[in-house]
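Undergrad: Given the coordinates of chain G, work out where chain L should sit on it, guided by the hints.
So the protein lines, in turn, are chains G and L. Number 270 marks the last residue of the first sequence (our numbering); no jumps. Number 416 marks the last residue of the second sequence (our numbering); no jumps.
Calculated directly from the structure, the hints in this document are not laboratory data. As the structure is a computational prediction, the values presented were derived from the model and not from experiment. For every residue, glycine included, the Cβ atom is placed at its ideal position computed from N, Cα and C. Keep in mind that a hint or two might mislead.
Said to hold, decoys possible - Computed beta-carbon distance windows for the label pairs:
(1) L/A290 x G/A192: 19 to 27 Å
(2) G/E181 x L/G288: 27 to 35 Å
(3) G/A189 x L/D342: 24 to 32 Å
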Amino acid sequence: MVRSTETSATSESVPEEQTTGCYVYGVVPAEIEVDAEARGVGDPPTPVRSLQHGRIAALVSDVSLDRPLGTPHDLLAHEELLDAAAAEVPVLPLRFGAVITDDEAVVEEFLRPNHDEFVAALEELEGRAQYVVKGRYVEDAVFTEILEENPEAARLRDEIRDLPEDATRNERIQLGEMIHEAIAAKREADTAELIEQVDELSVLSVVRQPSHEQDAVHVALLIETSRQAELEQVMEELGRRWADRITLRLLGPLAAYDFVMTRQGDEGWD
Amino acid sequence: MTVQPAGGGAAERRTGSGLADVIDSILDKGLVIDAYVGISLVGIELLSIDARITVASVDTYLRFAEAVNRLDLTDKSKPGLPELVQSVKGGDQAPPEPPEPQKLQKPKTVIQGSLESAGERLGDLTDERDDGRRKKLRRTERPEEG
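Next comes chain G alone, as it looks inside the complex (with noise of 0.2 Å):
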């Protein structure tokens, strides 16, 4: 299935000859101060600077509107300078691709009217960040594994193995349809254990959908940052012990991009 994301509004409002728009990144307390030389995304890119409104900031930059956004530089630049952002200060991200007309619009119209319930949010987020566990089952041990634990997926596999594979297709499905749903189950069990393992350090848990067909688990933690030493711990020991099984990734500090929600009963403007 293809998801396209595709140009999400157009307004009446802006001029024909409007040529650049203020691309949005996020809000953070409007006392942070950014680095003169962080960059963001367009081509070239241009400096991100804050625009403040009261007691919050939302983190912007110039961007040609000739072109379309999307390239890896332009995610990669999206995503770094939040989390970046999120390594020191509550931040809420927002959705890649976010352009508003100008920065007069965007402390008039997205900062003003919302300031008190992002202030809100970003309370709820200070000295918290967000942390997502990535883990691939290693190929060969996790089909051994299942093999032992299956045996009529081994007799299958036995079966076929030296018969030619046109002439066996359907067990091929067969066989392979069996090891899919082994892995998943596999996949939920693993999920569990690393969410028990992390339960008494992490305030809120989201379980991703896997991104690949081998992946093992894939979870977004929201952790006190204080508490980043403890999570890194948990993780080696959960590594070492799955090491021959699963290669296991932590990333982080994130923004929570996992853990803010828009605004409930409002779907947005027509």
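TA: Chain L in isolation, oriented as in the chain G frame:
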């Protein structure tokens, strides 16, 4: 808006590891600007990114079948019972060195190899973050605090 677990992202894609991680996070998660801004929203064209939902397909099944057919189960690295017994006997005669790893010599090497690399991976990631990324922003003093 509230801070709470959002629904898991459904659409994903495989590319280089760094970019794949980014795509997992920023395309379908985070606040949606449309819910907060009306007339000043600029619709900019976004490059369409083919994001695949991981669904089981016949291709997947055939790939799995091929992978298990390739496995050589006779070449197991785990020690059989006789090997174990032998090692234990050897352990009795040997001086009281750490006995546990001695028993499983062959697998020990294998496991330790993967273990070290897993440790390195975790270390690399955290180091990387410490080095560059945090420098982009810093918190200034809040006058009202203190």
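Undergrad: None of the hints should be skipped; say for each whether it holds.
TA: Status of the hints after comparison with the structure:
Restraint check, L/A290 to G/A192: a C-beta distance of roughly 24 Å satisfies the suggested window 19 to 27 Å. Evaluation of the 27 to 35 Å hint for G/E181 and L/G288 yields a pass: the beta carbon distance comes to about 31 Å. Take G/A189 and L/D342: their Cβ atoms lie about 26 Å apart, and the range 24 to 32 Å holds.
When held up to the earlier numbered hints, the structure conflicts with none and fits them all.
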